[in-house]
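Novice: Letter by letter, the chains look like this.
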Amino acid sequence: MAIIRDVMPAFELFQPGSIDDAVGLLSQYRSDAWILAGGLDSFDWLKDRIKRPKVLVDLSQIKELSGVRDWNGGLEIGAMTTLTNVVRHPAVLEKFKILSEAAEVAASPQIRNQGTIGGNVSQDTRCWYYRSGFDCYCASGNACYADTPTAINREHAILGADRCVAVSPSDSAPAMVALDAKMVIRSARGERIVDAENFFIGPAYDITRMMTVQPGELLTAIRIPATWANTGFYFEKVRDRPVWDFPLVNIACAKVVTGGKIDRIRIAVNGVAAHPWRLSQVEEFVTGKPANEETADMAGKMAIEGAVPLRYNGFKVPLMRNLVKRAIRGTDTKEAV
Amino acid sequence: MNFIQWAMSPWGQRVPVHIAWDLLWVAMIAGVLFLIVHSLYVGYWAKPETEPSVETDSKLAAAAARLPEHIARHSFGARAFHWIMAGSMLVLLFTAFLPKVGVKFAWVKIHWIAGIVLIVSVLYHIFHASFVLDFWSIWPNKEDIDDAVLRVRRAMGEPADRPRKFGKYPLENKLYHLAVLCAGLSAILTGIFMMSRVRTPFFTRNPYLFGDATWGYMYVLHGLAGVGFVALIITHIYFAIRPEKLFITKSMIFGWMTRQKYLEHYDPERWPVGEDASKPAPARRPEVVT
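Protein chains in written order, with the numbering used here: chain A, 1 to 337; chain B, 1001 to 1290.
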């Protein structure tokens, strides 16, 4: 079980100065290595002594991993760019305001000053059974303690559960999916680009990881194509404490509406599944239809098809339905509490 | 290397969670080593028995005159069971172990559906074998052991009587069936309970059916049966494609073997076919060991 301690277990610390050096280290130590970005998730794990890596690869000295750059009319955001910089960057605000809004509601200002966009999308689930050190499926065990008749599972999954019911806690992740972002992953074998939609994986695919990044690989940048620049955006996050909390459910939507009809749209909901849940069927249904109450109502109902609530998270079903309705109806981003 | 992966239960007890996945490689290496050693033995050391043939043996020639050209060996039902079971078994093994070696995909649903197919086919087989086929023909008996002893002694160059030809199923075949039966029942029984841990239309999910340790040992048994099957299937496929065994494999496809193969490899008294099948089996002939 988790025992909060002040002293982390011993590990060997590396602070590479370049991506190549970092990738070399990760390739050498593979699953023995732990990647340290902003450290906000990492230090919890380490101080709780639940994760005991032999090697820590601190990315803070790699300047090429930070910054927002133009990329074919879109943007390339270095994985070590802080959330605050993403929130405030003029190019992000100008082209992809939804990303700024999503990053701005993540955690607290202090955390956003230190936390990185790469860390935010890559953070592990907040399931407290897993975080408490239970040897559950996520920890290579054979049980999910959150999906039992007496479990406290208010924050857990209603969709896509497969033995494990943990959810992704990221606020920026659904925005990445809505913007059709491309995740740039480097390893000793070279570079691979993965769509954000496929970057996040569920327990059916791999029950011990939430991302497609393998040991030895490093997320170096996120590329956002110009496809959805300056379109209509909607982002909303519902959480227990408005000042600082993980999402119960959040939604990100990018859409183009012409003459009152939806030309094209991408919607992703997070906090309901192990990965941002893209609503492809809803997108297909609403395309070509007017962005009105009737379409929104039908879209909301479609979105929750197949939802299986646990004992304490049934509220997420109407919550998700209503968020989808609001995303279809309007483009004004707001935050509900 | 640990054989079992252990974890801590929420109550601080050390409980098993599953086998160490390295055992998969052990099973694969064991299976491959077996076939290498066997093929070397057959190719370089084994002294083949010269069996009397239809052309040289008047008794066999007389028997051949009474037999049809094609000797029925496996009914359509038996063949259908074999291939459905084989298909489901391969799906089960691939879905179980490919993710463990790095090929990631959503495997659980495919796995339990294949498991259901296997269970239904095995239930059919139990009924079919018990009430339609000759139930005892696949179980090892004393004659098989006696003949096996003679074969081993002759193979080692010791003086021994020529053993009788096989009945419908050779001893190796019977022992393989026994091993598959043990591994299969272990996998099926544990698998049925394990299905209560995932969401299926058949059970209300109930992870509290057993305690953590019991579940753990169940997972271990399921895993051992799985890696056992890896070795068993490697050897099975190996024998199925060996040139001298191909006629048996073909009989599992077409349902029959030639009269010549039947008379060369099988004892009509122990596996009577045609008109002889309705006659009572004769007593074991007295043995003289010189």
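FYI, nobody ran anything at the bench for these hints, they're computed from the structure.
Virtual Cβ for every residue (Gly too), placed ideally from N, Cα, C.
Any given hint could be a false lead.
[As the list claims (entries may be wrong)] The calculated lysine-lysine pairs, modelled on BS3-like cross-linking and capped at a C-alpha distance of 27 Å, are:
hint	chain 1	residue 1	chain 2	residue 2
1	B	LYS1109	B	LYS1174
2	B	LYS1261	B	LYS1100
3	B	LYS1261	B	LYS1142
4	B	LYS1104	A	LYS54
5	B	LYS1104	B	LYS1165
6	B	LYS1250	B	LYS1109
7	B	LYS1109	A	LYS301
8	A	LYS54	B	LYS1165
9	B	LYS1059	B	LYS1165
10	B	LYS1059	A	LYS51
11	A	LYS51	B	LYS1047
12	B	LYS1250	A	LYS182
13	B	LYS1261	B	LYS1250
[As the list claims (entries may be wrong)] Cβ-to-Cβ under 7 Å is the rule here; a few derived chain B residues that face chain A:
hint	residue
14	GLN1013
15	VAL1017
16	VAL1101
17	LYS1104
18	ALA1106
19	VAL1198
Novice: With reference to the structure, classify each hint as holding or not holding.
Specialist: These are the hints, each one checked on the structure:
With a C-alpha separation of about 33 Å, the suggested pairing of B:LYS1109 with B:LYS1174 is violated against the 27 Å cut-off. Between the alpha carbons of B:LYS1261 and B:LYS1100 the distance comes to roughly 43 Å, so the proposed pair goes past 27 Å and is violated. Restraint check for B:LYS1261 and B:LYS1142: satisfied, since their Cα atoms lie roughly 25 Å apart, inside the 27 Å limit. The straight-line distance between the Cα atoms of B:LYS1104 and A:LYS54 is roughly 26 Å, inside the 27 Å bound, and the hint therefore holds.
Proposed proximity of B:LYS1104 and B:LYS1165 is contradicted: the alpha carbons are some 49 Å apart, above 27 Å. A C-alpha spacing of about 33 Å is found between B:LYS1250 and B:LYS1109, which places the hinted pair above 27 Å, so the restraint is violated. Simply put, B:LYS1109 and A:LYS301 have alpha-carbon atoms about 26 Å apart, close enough for the 27 Å limit, and the pair holds. A C-alpha spacing of about 63 Å is found between A:LYS54 and B:LYS1165, which places the hinted pair above 27 Å, so the restraint is violated.
With a C-alpha separation of about 14 Å, the suggested pairing of B:LYS1059 with B:LYS1165 holds against the 27 Å cut-off. A C-alpha spacing of about 76 Å is found between B:LYS1059 and A:LYS51, which places the hinted pair above 27 Å, so the restraint is violated. Simply put, A:LYS51 and B:LYS1047 have alpha-carbon atoms about 60 Å apart, too far for the 27 Å limit, and the pair is violated. The suggested pairing of B:LYS1250 with A:LYS182 is violated, with an alpha-carbon distance near 52 Å, which exceeds 27 Å.
About 12 Å separates the Cα atoms of B:LYS1261 and B:LYS1250, which keeps this hinted pair within 27 Å; it holds. Because the beta carbon of B:GLN1013 sits about 11 Å from the nearest beta carbon in chain A, more than 7 Å, this interface hint is broken. A distance limit of 7 Å between C-beta atoms decides the matter here; for B:VAL1017 the minimum to chain A is near 5 Å, and the interface restraint holds. Because the beta carbon of B:VAL1101 sits about 13 Å from the nearest beta carbon in chain A, more than 7 Å, this interface hint is broken.
A cut of 7 Å between beta carbons decides the hint on B:LYS1104: the least distance to chain A is about 5 Å, and the hint holds. Residue-level restraint check for B:ALA1106 holds (minimum Cβ-Cβ distance to chain A is 4 Å; threshold 7 Å). Checking B:VAL1198 against chain A by beta carbon gives a least distance of about 6 Å; that is within 7 Å, so the hint holds.
Hints 1, 2, 5, 6, 8, 10, 11, 12, 14, 16 from the list above are not met by this structure, while the remaining hints are.
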